[in-house]
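**Student:** With chain A fixed as given, assemble chain B onto it according to the hints.
Quick mapping for you: the protein sequence lines, in order, are chains A and B.
Heads up, the first sequence is in our numbering, so the first residue is 17 and it goes up one at a time.
Heads up, the second sequence is in our numbering, so the first residue is 584 and it goes up one at a time.
Careful, some of the hints might be misleading.
Unchecked claim - Under the rule of at most 25 angstroms between Cα atoms (straight-line distance), these lysine-lysine pairs were calculated in the DSS-like manner:
# : chain 1 : residue 1 : chain 2 : residue 2
1 : A       : K51       : A       : K32
2 : A       : K97       : B       : K728
3 : A       : K97       : A       : K32
4 : A       : K71       : A       : K39
5 : A       : K53       : A       : K18
6 : A       : K39       : B       : K957
Bear in mind the hints are in silico, worked out from the structure with no lab data behind them.
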Amino acid sequence: MKIEEKLYLLRWKHDKRSHIAIKDQRVCLETCGTKWKRPCTTFCPASVYAWDGEKTVVSHDNCVECTSCLLGCPYRNIDWKLPRGGFGIEWQHG
Amino acid sequence: MSAPALLFERGERPGVKNVMGGVMYGRMLADVVPEFWKTAPMERVVTDERLWLTTADSVVTAGHKHLPHSVEPPNAFTVLRVPFDGWFAAQAEAAGALLIPGTTVEDVIREGGRVVGVRTGREEGELRAPLVVIADGANSFLVQKAGLGRPLEPNEMALVVKEIIALPGAAIEDRFTLDPGMGATIEVYGAVTRGMAGYGFIYTNRESLSVGIGALISQFMETRITPWDLLEGFKAHPMVAPLLRGGVVREYLAHAIPEGGLRAMPRLFDDGVLVVGDAAMMVNNLHREGSNMAMAAGRMAGETAIQAKRAGDWSARSLSRYRELLEASFVLQDLRKYQRLPDLVEGRPDLLHLYPELLSEAIHEMLTVDGAGKREKQRRILRRLLARRPWWRLLRDAYEGWRAMR
Numbered sequence: 017m018k019i020e021e022k023l024y025l026l027r028w029k030h031d032k033r034s035h036i037a038i039k040d041q042r043v044c045l046e047t048c049g050t051k052w053k054r055p056c057t058t059f060c061p062a063s064v065y066a067w068d069g070e071k072t073v074v075s076h077d078n079c080v081e082c083t084s085c086l087l088g089c090p091y092r093n094i095d096w097k098l099p100r101g102g103f104g105i106e107w108q109h110g
Numbered sequence: 584m585s586a587p588a589l590l591f592e593r594g595e596r597p598g599v600k601n602v603m604g605g606v607m608y609g610r611m612l613a614d615v616v617p618e619f620w621k622t623a624p625m626e627r628v629v630t631d632e633r634l635w636l637t638t639a640d641s642v643v644t645a646g647h648k649h650l651p652h653s654v655e656p657p658n659a660f661t662v663l664r665v666p667f668d669g670w671f672a673a674q675a676e677a678a679g680a681l682l683i684p685g686t687t688v689e690d691v692i693r694e695g696g697r698v699v700g701v702r703t704g705r706e707e708g709e710l711r712a713p714l715v716v717i718a719d720g721a722n723s724f725l726v727q728k729a730g731l732g733r734p735l736e737p738n739e740m741a742l743v744v745k746e747i748i749a750l751p752g753a754a755i756e757d758r759f760t761l762d763p764g765m766g767a768t769i770e771v772y773g774a775v776t777r778g779m780a781g782y783g784f785i786y787t788n789r790e791s792l793s794v795g796i797g798a799l800i801s802q803f804m805e806t807r808i809t810p811w812d813l814l815e816g817f818k819a820h821p822m823v824a825p826l827l828r829g830g831v832v833r834e835y836l837a838h839a840i841p842e843g844g845l846r847a848m849p850r851l852f853d854d855g856v857l858v859v860g861d862a863a864m865m866v867n868n869l870h871r872e873g874s875n876m877a878m879a880a881g882r883m884a885g886e887t888a889i890q891a892k893r894a895g896d897w898s899a900r901s902l903s904r905y906r907e908l909l910e911a912s913f914v915l916q917d918l919r920k921y922q923r924l925p926d927l928v929e930g931r932p933d934l935l936h937l938y939p940e941l942l943s944e945a946i947h948e949m950l951t952v953d954g955a956g957k958r959e960k961q962r963r964i965l966r967r968l969l970a971r972r973p974w975w976r977l978l979r980d981a982y983e984g985w986r987a988m989r
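Here chain A stands alone, though its shape is the one from the complex (with noise of 0.2 angstroms):
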């Protein structure tokens, strides 16, 4: 089963407004592409983060709000914040 076929099965209230942001997109180009090789596109749970060619391109919508991002950016480069109150996922079992 393919990654995208498990996020199909879930559910989440959409914000226009992203709670994830890449604070230096230019730590991502020069310092962790050669040392950690930008991990945050392999350990992220949803595919949330990938690599461009340039820069780091966050699927904010695709958030299960694990928070690995939180600790597994080797730079603290990745902002991110809870949703807003009511937004984000929905888990149906838990």
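**Tutor:** Then chain B, alone, in the frame of chain A:
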């Protein structure tokens, strides 16, 4: 408006933001909600607990099974957090708490060093209270905002992914050899975590299985294994797949689990504030306990608040009673007992793979009837063991293991 307790919930209703494995423990819940078993949405009462040590193509199993207890409360039972938390919050409301859903608490309000309330994301959303109990879970924002703890390291938190896989109840009872309504848990160590420090689990619900696996975030960073690949590999393991056959995946979930233990624990109290549960690192990962510690800590926080209210004193000195209660209970005693375990697990993830392999090979050798005498087989096992690990390292592993768990 005056209520004895306000309960903030950032989801639209309680539970929709919460995930756990999910084994819940009866004793600690009964201390909070007497006779909960008459109304709580339990999935299955756990009567069969199994431990699996896997290699790529084999498993060594240990376990304990007992008859369903006739005495209440049940020791352990499985839950799904969305229905369970809806029920749990209703109990709090029935006891007089005022539930405020759809509201994110973004910060604590401090005045002159004291915590005097919370700031929510709502307009004019400041609320003042003599006591704030921080219970916002793993990777707590509020613990840091309140200045009670440092940011955590990636080796102090695990990332776990799981799926809810629907199966008819009768099929679950057949496959796991269970009496109706009874449940099994399987903790799965070894090859399934692909060299990372972590473990998988299979828990039975009424009409579904909770199947999950996780490892330290630091190890996901290093190995670049994606969580969903890890989960797919676990589900496809030759010993796991037959249990899931024909099941339909209903939900895919991810959650962080505190693994830092005592060394990563924040300060538990200060003027006007207490910290409970995952936010306070109260997880005993070796025994997959956490919900019990959170409920026990919640009760002790409540008892501390009652005393503080009577005395009219919400200072740190008055609230230090909370820590004393925790010290006198299994919560801090167990966290202290296993305080060396995180270092062992993180520093030596190979142990979690080497020993299942050696054990599996040894048992396989003894069970293979090939004409060799049993003494010759013992010699073979010892030779293979020492080829993989010299005797002095075996001794060191045993000593370190004993030291971390005694």
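**Student:** Look at each hint and say if it fits the structure.
**Tutor:** Hint check:
1. Taken as a hint, the K51 (chain A) and K32 (chain A) pair is broken in the structure, with Cα atoms around 33 angstroms apart against an allowance of 25 angstroms.
2. For the hint pairing K97 (chain A) with K728 (chain B), the CA-to-CA distance comes to about 13 angstroms; that is within 25 angstroms, so the pair holds.
3. The suggested pairing of K97 (chain A) with K32 (chain A) holds, with an alpha-carbon distance near 14 angstroms, which does not exceed 25 angstroms.
4. Using a Cα cut-off of 25 angstroms, the hinted pair K71 (chain A) and K39 (chain A) holds, with the two alpha carbons roughly 12 angstroms apart.
5. With a C-alpha separation of about 22 angstroms, the suggested pair K53 (chain A) and K18 (chain A) falls inside the 25 angstroms cut-off, and the hint holds.
6. With a CA separation close to 65 angstroms, the supplied pair K39 (chain A) and K957 (chain B) exceeds the 25 angstroms bound.
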